[in-house]
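K.L.:
Please take these sequences and the hints and turn them into a complete structure.
If you read the protein sequences in the order shown, they are chains H and L.
So our numbering is basically just the index in the first sequence, starting at one, shifted up by 387.
So our numbering is basically just the index in the second sequence, starting at one, shifted up by 458.
Only true hints are included.
To give an idea of the chain L side of the interface with chain H (calculated C-beta under 10 Å), a few residues:
{"#": "1", "residue": "G501"}
{"#": "2", "residue": "L502"}
{"#": "3", "residue": "Y507"}
{"#": "4", "residue": "Y557"}
{"#": "5", "residue": "T560"}
{"#": "6", "residue": "S563"}
Computed footprint of chain L on chain H, listed as stretches where at least three residues anywhere in the stretch have a Cβ under 8 Å from a Cβ of chain L:
{"#": "7", "segment": "431-439"}
{"#": "8", "segment": "489-500"}
No lab work stands behind these hints: they were computed from the structure.
C-beta: ideal position from N, C-alpha, C; glycine also.
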Amino acid sequence: QKEVEQDPGPLSVPEGAIVSLNCTYSNSAFQYFMWYRQYSRKGPELLMYTYSSGNKEDGRFTAQVDKSSKYISLFIRDSQPSDSATYLCAMSEGSGSARQLTFGSGTQLTVLP
Amino acid sequence: SQTIHQWPATLVQPVGSPLSLECTVEGTSNPNLYWYRQAAGRGLQLLFYSVGIGQISSEVPQNLSASRPQDRQFILSSKKLLLSDSGFYLCAWSSWFNYGYTFGSGTRLTVV
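P.N.:
Encoded structure:
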């Protein structure tokens, strides 16, 4: 079993839809949770960052962490064609010397105009 | 502000040829540096990380090696490329003051 599981998709939605992207994990020591967005042939860019459980909102994006269920989500409201990308979840135990991240395999999202 | 540079963007190399990919970070000191490989349709595979000059940790035994000759320079090398070395190579950095990693723009390597 992988430490972090992420549905690879692909996921295709119409413009304006609400998108839900999810990851589950097995390591209860994970405390820091991130979402990265990766456009085709580009490096991933940090989209959202949360610590421990709870919700965090940034514009159309909401990150949600449920540590009791070992489940994190990213919601995209009013999705736009420019949101079409691969979304990777990532998490780490803490701020060790190298603070290694464990990544999900990514979900490919296409928002149709 | 901090920036990360990675080059070349695209590389086509024959099997058995050497490889050198370079990554540099500007605007910060003593960053943690990482090399990842991303195969088509797959997740990120950590290859090497470094917490300081000359300090390299290898995550996956393979045909590749890494070096950090200067504080903000990270080099990925191979003496003889294999077909299986094809992929998208990403350099990243982190530090105590930033969240997560910041990635470079990547190098797409095709071994033919």
